[in-house]
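**Q** Let the sequences and hints guide you as you build the complete structure.
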Amino acid sequence: MSTVNKAELIKEISGVNPLKCMKCGKCSASCPSFNEMDIKPHQFVSYVVNGDIEALVNSASLTKCLSCFACIERCPRDVKPAKLIDAARQLVIRQKGETMLSPNEIPELLDPETPQQLLVSAFRRYRR
Amino acid sequence: MKYSYYPGCTLKTKAKDLDMYARLSAKELGFELEEIENWQCCGGVYPLGADEIGSKLSSVRALNYAKEKGQDLVTLCSACHHVIKRVNDDIKNVEDIRNRANNYMKLEEPYAGETEVLHFLEVLRDRVGFDNLKKAVKKPLTGRKIAAYYGCLLLRPSKVLAFDNPENPTIIEDFIKAIGATPVVYPYRNECCGGYISLKDGEKAQNMCEKIMESASGFGAEMLITACPLCLYNLNKCGKLPVVYFTELLAEALGIKED
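Here the protein sequences line up with chains A and B, keeping their order.
Each residue of the first sequence is one higher than the one before, starting from 147 at the first, in our numbering.
Each residue of the second sequence is one higher than the one before, starting from 550 at the first, in our numbering.
Selected chain A positions facing chain B (Cβ under 7 Å, derived; list incomplete):
id: 1; residue: 159
id: 2; residue: 161
id: 3; residue: 212
id: 4; residue: 214
id: 5; residue: 219
id: 6; residue: 229
id: 7; residue: 255
id: 8; residue: 261
id: 9; residue: 262
id: 10; residue: 270
Calculated from the model, a selection of chain A residues having no Cβ within reach of chain B, i.e. all distances over 12 Å:
id: 11; residue: 149
id: 12; residue: 153
id: 13; residue: 165
id: 14; residue: 166
id: 15; residue: 170
id: 16; residue: 171
id: 17; residue: 197
id: 18; residue: 198
id: 19; residue: 201
id: 20; residue: 205
id: 21; residue: 243
Hint data in this document are derived by calculation from the structure and do not stem from the laboratory.
For every residue, glycine included, the Cβ atom is placed at its ideal position computed from N, Cα and C.
**A** What follows is the structure, given as structure tokens:
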């Protein structure tokens with residue numbers, strides 16, 4: 147798939163119009179994972195606009211978003227950066243054999259108190 | 550008053566207290582939680598993709614069940630509430646999702662978002678009323694300094710969740726007052742606990758929870774209450790202050806918690 151098509155696909159999956167962004171930076175200022183992200187929430191928007199999709203799909207940020215929705219809540223332009231990050235993640239994990247969490251990893255990640263909610267949430271975010 | 554009740558997977562296993570004390574308290578307060586038959590896991594997180602359908606169907610089935618019973622749907626777990634409420638909003642407002650979901654469901658009458666989704670705390674506030682709850686309290690938790698931990702999922706995005714003011718919520722503090730205790734307001738009460746990141750990056754979640762705990766204890770809290778099993782799990786790993794489900798304190802105040 148060409149880069150242009152991938153950019154369109156991210157817009158389609160996310161339902162986001164990145165051109166609405168006015169680059170105020172509130173999303174990144176609100177993000178609890180800002181320090182761990184190589185591409186910051188407000189930069190995601192520019193990467194999609196510029197069609198630099200390879201950088202996005204290889205970004206460590208894809209596993210750092212916590213779905214806390216602070217960016218969506220506080221965006222004055224209703225751009226929804228978390229949905230862009232999720233769409234980039236979907237581009238990766240919807241491919242055959244691509245996953246960010248394998249069931250084989252699970253046994254050693256468990257402890258006696260691990261809630262089911264943690265496992266289903268992680269699987270839904272990191273794997274198809 | 551009877552409500553359709555969606556407990557969710559964790560309330561049947563690691564979060565049995567959240568469920569049990571809610572059912573006991575509901576009975577005491579004069580309403581009944583009727584568990585939805587054959588409910589399926591909500592998936593824990595709301596599927597963000599605009600093209601997602603299959604991952605939303607378990608919510609639609611629960612919502613339609615409540616509709617057919619003519620009841621409102623009550624949730625307890627913050628995550629289940631978040632997912633079901635947002636899926637219901639999609640069905641109500643997004644024609645494409647409504648059509649495609651109904652193609653799978655094959656119902657006699659299509660589901661169009663008719664069911665009202667209420668969190669248990671909303672039932673206490675909007676249906677029972679905190680004034681009436683206060684009157685029903687037999688053992689007020691006088692002098693206890695309790696910090697509400699809201700987290701993310703009940704509050705955001707507020708356009709859909711419509712639970713409370715997302716930046717300055719009051720519902721859990723009002724609940725704490727109604728059961729006779731003293732609410733402790735602290736700045737980190739609506740910050741994220743780390744959520745599912747704790748599976749693969751425990752340290753990150755730990756750092757986030759320590760900030761929440763320090764903030765709460767710095768303002769004089771003795772304990773935290775929450776509605777979310779994953780928040781409770783992450784916060785408990787810090788171990789600084791005790792964390793319990795709000796329903797446990799409710800049952801205690803109503804005098805129905807067995808020691």
